[in-house]
Amino acid sequence: MKKVVIMESLGISPEELSAFKKPLEEQGVVFAEYPKTTDADQLVRQARDADAMIIANMPMPGDVIRRCEKLRFIDVAFTGVDHVGLDAAREKGITVSNASGYSNEAVSELVLGMALSLLRNIPQVQQRCRDGLTKDGLVGCELKGKTVGIIGYGKIGRRTGELFHAFGCQLLAQSRHHHDDAPDYVEQVSQEELLRRSDLVVLHCPLNDSTRGMIDYAKLSLMKPTAYLINVARGPVTNEDDLARALADGVIAGAAVDVFTAEPPLAADTQMLRAPHTLLTPHVAFATKESMTLRAEIVFDNLRAWLAGEPKNVVL
20 MKKVVIMESL GISPEELSAF KKPLEEQGVV FAEYPKTTDA DQLVRQARDA
70 DAMIIANMPM PGDVIRRCEK LRFIDVAFTG VDHVGLDAAR EKGITVSNAS
120 GYSNEAVSEL VLGMALSLLR NIPQVQQRCR DGLTKDGLVG CELKGKTVGI
170 IGYGKIGRRT GELFHAFGCQ LLAQSRHHHD DAPDYVEQVS QEELLRRSDL
220 VVLHCPLNDS TRGMIDYAKL SLMKPTAYLI NVARGPVTNE DDLARALADG
270 VIAGAAVDVF TAEPPLAADT QMLRAPHTLL TPHVAFATKE SMTLRAEIVF
320 DNLRAWLAGE PKNVVL
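Going letter by letter, the sequence shown gives residues 20 to 335 in our numbering.
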C-alpha cells in the first residue's frame with residue numbers, strides 16, 4: 020500500500036480532486052491532504068511516512084526531504100522546480116517530476132493582456148474615467164508593428180510568439196540553444212541585440228545559476244527608453260532593486276511583473292511596489308480554471324506512471 024500526501028491545494032474543486040484520486044484509491048493508494056505551510060517540522064510530521072508527495076509552488080527544503088525516510092517520489096504541480104531541494108532528492112534517489120505544459124496558454128495570454136495594458140494605459144485610463152476625467156496625456160500605442168523580444172524560447176515562449184505574430188508584431192528570440200524548428204517569422208539573435216531592438220521584452224526563461232540576476236541595471240540600460248519589460252518567468256531572473264531603480268530613472272518606459280524575489284503577499288518595503296510605470300500581479304500567470312484542471316491531470320498521470328514503475332516528465 021502506497022501513501023501519497025498532497026501538501027497544498029491544487030486549485031481545483033473537491034469534486035474534481037476526488038475524481039482524480041478515486042481510481043488510485045480503488046487500487047489501494049491512500050491519500051492525505053494538508054493546507055500549505057512553511058513550518059519545516061510540520062512538513063516532516065505530515066510527510067515522514069509518505070511514499071510520494073504532491074506539491075505546487077510551495078518551498079520544499081532539502082532538510083525536510085532528508086527527514087522523510089520513506090519518500091521516493093515528488094510530484095511537482097508546477098513547471099519550475101527551483102523551489103524543491105533537488106540536492107537532497109538526488110542524495111536519496113528520489114524521483115522528481117513536473118507538470119510542464121499545463122500553463123502554456125494561460126501564461127502566454129496574460130503576457131498579451133499585460134502588453135495591451137501597458138501600451139494602451141488601461142489601468143490609468145480606467146481610473147481617469149472613474150474620477151470623471153478624460154484620456155488627455157494617456158493616448159497609447161498599438162501592438163501592430165512593434166518588435167517583441169522573447170528571452171527563453173521554450174514551449175511557452177513559442178506560444179507567446181504566436182500570439183504576438185497574430186497581432187502583426189516583429190519577433191526576436193534568444194535561448195541557450197538555437198531552435199532549428201522556429202517559425203520563419205522569428206529571428207533568433209543574441210540577448211544584447213534583442214534588448215537593444217525590442218519595444219517589448221518578455222522573460223520566459225527558467226531560473227538557474229546562469230539566469231539568476233541576469234536582467235540587471237546594465238542590461239536594462241541596453242533597452243530603448245520607450246521599451247517595456249514583462250516578467251512572467253521567475254522573480255530572481257531580474258535584479259528587482261535594479262529594475263525598480265531603472266524605472267525610477269526612466270531607463271525604460273515601464274514594466275509588467277507577475278513574479279518577484281519573494282512569493283506574494285509582498286512585504287510592504289518591496290521596492291517594486293513603489294516603482295513608477297508598473298503593472299504588478301501576484302503570481303497569477305499560470306492560474307486559470309482550465310490550466311488548474313490540466314495541471315491536475317498531468318500530476319495524477321505522473322503519479323500513475325511512477326506507481327507503475329515508468330515515471331514520466333522526470334526532471335531528476
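Hints in this document: simulated from the structure, not taken from any laboratory.
All values reported here derive from a predicted model rather than from experimental measurement.
Cβ atoms here follow ideal geometry from the backbone N, Cα and C, with glycine treated the same way.
Hints may contain errors.
[Said to hold, decoys possible] DSS-like mimics (lysine-lysine), calculated; alpha carbons at most 27 angstroms apart, straight line:
id: 1; residue 1: Lys-21; residue 2: Lys-89
id: 2; residue 1: Lys-21; residue 2: Lys-154
id: 3; residue 1: Lys-111; residue 2: Lys-55
id: 4; residue 1: Lys-89; residue 2: Lys-41
id: 5; residue 1: Lys-308; residue 2: Lys-40
id: 6; residue 1: Lys-174; residue 2: Lys-163
id: 7; residue 1: Lys-22; residue 2: Lys-89
id: 8; residue 1: Lys-89; residue 2: Lys-55
id: 9; residue 1: Lys-165; residue 2: Lys-154
id: 10; residue 1: Lys-22; residue 2: Lys-331
id: 11; residue 1: Lys-21; residue 2: Lys-331
id: 12; residue 1: Lys-22; residue 2: Lys-41
id: 13; residue 1: Lys-154; residue 2: Lys-174
id: 14; residue 1: Lys-331; residue 2: Lys-41
id: 15; residue 1: Lys-243; residue 2: Lys-165
id: 16; residue 1: Lys-111; residue 2: Lys-331
id: 17; residue 1: Lys-163; residue 2: Lys-89
id: 18; residue 1: Lys-174; residue 2: Lys-308
id: 19; residue 1: Lys-89; residue 2: Lys-331
id: 20; residue 1: Lys-40; residue 2: Lys-331
id: 21; residue 1: Lys-308; residue 2: Lys-41
id: 22; residue 1: Lys-308; residue 2: Lys-55
id: 23; residue 1: Lys-55; residue 2: Lys-22
id: 24; residue 1: Lys-111; residue 2: Lys-22
id: 25; residue 1: Lys-163; residue 2: Lys-243
id: 26; residue 1: Lys-21; residue 2: Lys-41
id: 27; residue 1: Lys-89; residue 2: Lys-111
id: 28; residue 1: Lys-308; residue 2: Lys-331
id: 29; residue 1: Lys-40; residue 2: Lys-55
[To be verified] Derived DEER-like restraints, expressed as beta-carbon distance ranges:
id: 30; residue 1: Gly-187; residue 2: Glu-309; range: 22 to 28 angstroms
id: 31; residue 1: Ala-324; residue 2: Ala-59; range: 15 to 21 angstroms
id: 32; residue 1: Val-144; residue 2: Asp-228; range: 18 to 24 angstroms
id: 33; residue 1: Asp-199; residue 2: Val-49; range: 43 to 49 angstroms
id: 34; residue 1: Leu-157; residue 2: Pro-330; range: 49 to 55 angstroms
id: 35; residue 1: Ala-38; residue 2: Ala-59; range: 44 to 50 angstroms
id: 36; residue 1: Asp-106; residue 2: Gly-328; range: 22 to 28 angstroms
Can you list which hints this structure breaks, lowest number first? The structure conflicts with hints 2, 13, 17, 31, 32 and 35, although it agrees with all the remaining ones.
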